[in-house]
Amino acid sequence: MEPTSRKFNANVRVALANDALQSALGKIESGFVVNRANAAARLPEFDALRDQARDIKDHTLDNLDFYLEAFESRVHESGGHVHWASSAADARRAILDICRSVDAKIVTKGKSMIAEEIGLNEYLEKNNIEPVETDLGEYIIQLRKEPPSHIIAPAIHLVKEQVEDAFRSAHEGMFDPGRSLEEPRALLEEARAVLRQRFLDADVGITGANFLIAATGSTVIVTNEGNGDLTQTLPTIHIVVASLEKVVPTLEDASTILRVLARSATGQEYSSYTTFSNGPRRNGDPDGPEQFHVVLLDNGRSDLLGGPVRDVLRCIRCGACMNHCPVYGAVGGHSYGWVYPGPIGAVLTPSFLGLDEGRHLPNASTFCGRCESVCPVRIPLLSLMRHYREQSFEEKISPPAERTGLGVWAFFARHPALYRFTTGLAMRALAWAGRKQGRFSTLPFAGGWTAHRDLPAPQGDTFQRQWSARGGRQR
Amino acid sequence: MSAARDAVLGRVRKSLGRKTISAEDRAELEARLAGHDRGVIPARTDLDAKSLVDLFVDMAAAVDTTIERVADADAVPAALSEFLARHNLGSDLRMAPDPWLDTIPWAGRPTLTITKGPSDGGDDVGVTAAFAAIAETGTLMLLSGPASPTTLNFLPGNHVVVLRASQVMGAYEDGWDALRDSGAMPRTVNFITGPSRTADIEQKILLGAHGPKRLHILLIEDT
Chain A
16 MEPTSRKFNA
26 NVRVALANDA
36 LQSALGKIES
46 GFVVNRANAA
56 ARLPEFDALR
66 DQARDIKDHT
76 LDNLDFYLEA
86 FESRVHESGG
96 HVHWASSAAD
106 ARRAILDICR
116 SVDAKIVTKG
126 KSMIAEEIGL
136 NEYLEKNNIE
146 PVETDLGEYI
156 IQLRKEPPSH
166 IIAPAIHLVK
176 EQVEDAFRSA
186 HEGMFDPGRS
196 LEEPRALLEE
206 ARAVLRQRFL
216 DADVGITGAN
226 FLIAATGSTV
236 IVTNEGNGDL
246 TQTLPTIHIV
256 VASLEKVVPT
266 LEDASTILRV
276 LARSATGQEY
286 SSYTTFSNGP
296 RRNGDPDGPE
306 QFHVVLLDNG
316 RSDLLGGPVR
326 DVLRCIRCGA
336 CMNHCPVYGA
346 VGGHSYGWVY
356 PGPIGAVLTP
366 SFLGLDEGRH
376 LPNASTFCGR
386 CESVCPVRIP
396 LLSLMRHYRE
406 QSFEEKISPP
416 AERTGLGVWA
426 FFARHPALYR
436 FTTGLAMRAL
446 AWAGRKQGRF
456 STLPFAGGWT
466 AHRDLPAPQG
476 DTFQRQWSAR
486 GGRQR
Chain B
1047 MSAARDAVLG
1057 RVRKSLGRKT
1067 ISAEDRAELE
1077 ARLAGHDRGV
1087 IPARTDLDAK
1097 SLVDLFVDMA
1107 AAVDTTIERV
1117 ADADAVPAAL
1127 SEFLARHNLG
1137 SDLRMAPDPW
1147 LDTIPWAGRP
1157 TLTITKGPSD
1167 GGDDVGVTAA
1177 FAAIAETGTL
1187 MLLSGPASPT
1197 TLNFLPGNHV
1207 VVLRASQVMG
1217 AYEDGWDALR
1227 DSGAMPRTVN
1237 FITGPSRTAD
1247 IEQKILLGAH
1257 GPKRLHILLI
1267 EDT
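Residue numbers (this note's numbering), protein chains in the order written: chain A, 16 to 490; chain B, 1047 to 1269.
Same shape as in the complex, but just chain B (with noise of 0.2 angstroms):
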């Protein structure tokens, strides 16, 4: 594939009107990839962190996310069950193999089932963490890796996240930030904004087009 790389940057060049990037341009190309500089962030994230709280449950819902406010993490299995029961769910839930989820106290509902690692398409309830939330527009930042599969994002028809509120960040861009500081890229970064939806039949939204016809979180407020 070499020739047909050498021919496609070879015409890009030629049309550019360069043979090569001189060092004082490559330098300068460089340092603007490793810069993460921003664009114009839109103020409505301009909050304290209570508000930019308020701001994500109010983009969130906009979108048709559902959301629960619990006081602390032993509130949320109690929750949880309310939501299976309230939507006729059953008790199976498949669950992120996430330690952080681990040490919520399960064990208090007995009448949950729950199995952990991905899914196969078989499953009704994906019960997942979050790595963080974006206010701007109600967005879920959620990674890939051994504790938390893609397929639990996208297989379930309901997608249960539990989050807290000190996760709630303002901006796309903070999230990166974030992410280099935890460390490296993973395979996938999902960006979530309300459940599946589609508009390609006469332009009429409907939800659950292929994903999950339900996004519901419980927000654990540890702020």
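Next comes chain A alone, as it looks inside the complex (with noise of 0.2 angstroms):
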């Protein structure tokens, strides 16, 4: 996809004015917070469980090149095919030479960031081949042209009535226009029976993978409406597109981190279906795919390892830092601009694709530190944020008025003297105009912000002020 990273202001204007977006976002508190907040509760362990998916990840990272060969080989020795790539050009090339070895017409897809990393639809269809997303919501999202606006909730921006009108449009012809549509377990069913022929038809089914085992050369997916196994069992061919960073040693050490994933994603103690793959079907089964092929995604991955904000490579996908974000909250995935919404985007955009693209999504958080506070393998999200934040501005990145703003603040914060006086005065100043309304509806250079709320006039003293009469310490 283009990106629009660049544009965030103008995407969060028309996200704040989106009242179907307001209204569905404002169901993901008490959904997905609420649930995690149970699940959390439930296992006295899953704090412990943490650390060590912290440091399962962190030992697997110190050691890359070793897990990614001890992988590689496993897999040969299970009858399957490794195809490293370098760049998302790479990755699309490799898998639409799979594809076209069997002349395949119909591609049926797990849900995969990666896929939507590497822009594989877009490029399929322009080689004549119908690629066909199986997630319901990934579904949905296909049918309306748009990009996914969650990482595991990918249609989370939308309210059944637009789901309604994609169905209607997209099935004209296989189903009565009289149907009912009005209740979500219509639209499922419907949605069923279209996807159930697809899986079917599909010559080739590709899967994204949470984990790859370096013991056993595994892949696995974790997912909870079963499209990604008939996705990668009914085809001849299966292939699983995955980043250079989902290997973990063994099958104990992705046991551990599958205690926190599904808790930290959704709440649910286990997913629906937690799926380990070996290579090709094996001489007797009565099913599964015949070729098994993994193409392993660098893409910028193996330099960040190297960098300042190498702990982003420990994340597993989980979507708690962008549910618990009051940001992702108010102005959804779509403001974002790219692949990766919320906290993990603004760490994962400007890694990817560069600051000029990405500068303003570091910035589009309060701080506020509730993503860090729920990371699943504790990636310090702020400091990774705040390296951003400072490299914009050493690298002269940032506009200048941005740039010399902060320039003038840090003066006075240099200054304490004249930081206490300048404040004092402004405060005074400020108390004074508003004395009669006791608050402000306009304010010269903070349009932004009066624009949706009031500013309250000061009252009393600074704080630095009350902070020193109440007797607090003095540096």
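Since the hints were made in silico from the structure, they are not lab data.
The beta carbon of each residue, even a glycine, is placed where N, CA and C say it ideally should be.
Don't take each hint at face value.
As the list claims (entries may be wrong) - Under 7 angstroms between C-beta atoms, here's a sample of chain B residues computed to sit facing chain A:
#1 A1077
#2 T1091
#3 T1161
#4 G1168
#5 T1196
As the list claims (entries may be wrong) - Here are the simulated PhoX-like pairs of lysine-lysine, each with C-alpha atoms no more than 20 angstroms apart in a straight line:
#6 A/K160 with A/K141
#7 A/K411 with A/K22
#8 A/K42 with B/K1250
#9 A/K120 with A/K141
#10 B/K1065 with A/K175
#11 A/K22 with A/K42
Taking the hints as your guide, dock the two standalone chains into a single complex.
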């Protein structure tokens, strides 16, 4: 997809004015957030497991070369193929070549963020292969020709009436036009019927992977619908597209991380389907794919490994950070302008696309720290966002007005006496100006604030003077 | 593809600041790979065998799996017939060609029409055994193989699993140990926790997205 992260501010204005989006986003807090808290509370070992998940990921990253080679050789032993891809283009090309080897017309897909990252659907279509998304949310957004707005709930920005519209137009001629599609159950039944045939017709099935297991050469998918399993079981060829950092050493390591994955994501104890795949079908197997391919994508990750944001490679893509982010909850995933939204996207987008494109995203945070507090692998998201904020300033990527403003603030911050004098003066001036109303509904240079709420007029003294007056500790 | 492989691994090694892995480090890593060391195992499964089965039943029920406990294998055909009648499912069963399932006295229920093999998508009811059951989260562990087609786990609208109480284990890791004891890794290991579900439309949970709408376990009390 063509990124629009550089237009973040414009995207946000559209999102805030979209009533359907605001209604859909309002359900996150009572859904994902409450469910996660309950799941964590039910498992006394939850925080210890988070520590172990972090340590497993760190250990694997420290030895990524070893574990990737081990994984590759185990896949070969079980009769599968591994294709290394430096870039998105290399990965797309490898997948197309495999599809063409069997003259594929229809390709079913399980949900994969890596497939989104490399823009796979668009590329397959250009090459006359029809990609069919089979995860219900992904299917809906494919029909609407839009990108996912959430990494595990891609259609979370929609209300059911929008889904109904999409189905009525895409399924025209397949069902009675007078049918009722008011209830989510009716929408699901219709999607199930349409996609069931697509599963059976597909020549190739493409899934992502939540884990790659070095000890066994297994690829692992975690789903609730069972669409990933039908995608990879029914066609002649199963292609797994996965990025380098998905590898973990053993089945036991994956089991540890799986204990925090679903709980952090949806608040489930375990997802409905956790599937380990090893090579193609065996002698005597009555079903399963005849070929098994793993496309291993780098796309900049090997460089991140040696740099200041390396910790982001621990991410297991649970979505907890965005579920708990007040900014995401207000503006939705599409505002972020690329594949990965929310706090994790605020780090990944500048990492993959550069600060010219992504510099707004690390600034789109109140730094409340809720994302960090729920991350199952304890990624220091605030430090990583702060790293990109600093880099924007130092490399003069942020606009001059922003840098001048920060420069002025820095000057005062370095001269405490002047700072206290000036803020005291400004406060008294504001208090005087607002003495009648007690609040401001407009202010010069602060229209962005006062457009949505009033600014209370200051009362009493400055914070620092009150702090001193109450005997607060001085530095 | 070896050029791409060398390029990727070369960049990884550059970032890690090493050209090769020392023999000592390599031996340590190989040992970790071969070691099957476990992480924290939730204490909820520290139970005697009978309580572990109860935990499995409770956890499975919490995710909408239905379970019927039967005294022995002889009771399975009648229990299955009742399940079919309860849900108006007819009498056709697509069954895994599993030698253990064959020991169940199906002939006592001549109304059941049993065919064997993988599913082509036209079956209402699939019947399989399981390799193990994990009490921790009410999860079934199924392995692909000549006697257990993977399609039976996903295509039929109803999945009936005939399980023995003696197959219930505590943690996923117990399942991995049992799998290694039993032989090689199969093509597919399915951990199944409840029927297929989705919450993709307005976060409302619905059962039966693409896989089975019902997951029913007939649990034989053999312990």
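Hint numbers contradicted by this structure: 1, 2, 3, 4, 10, 11
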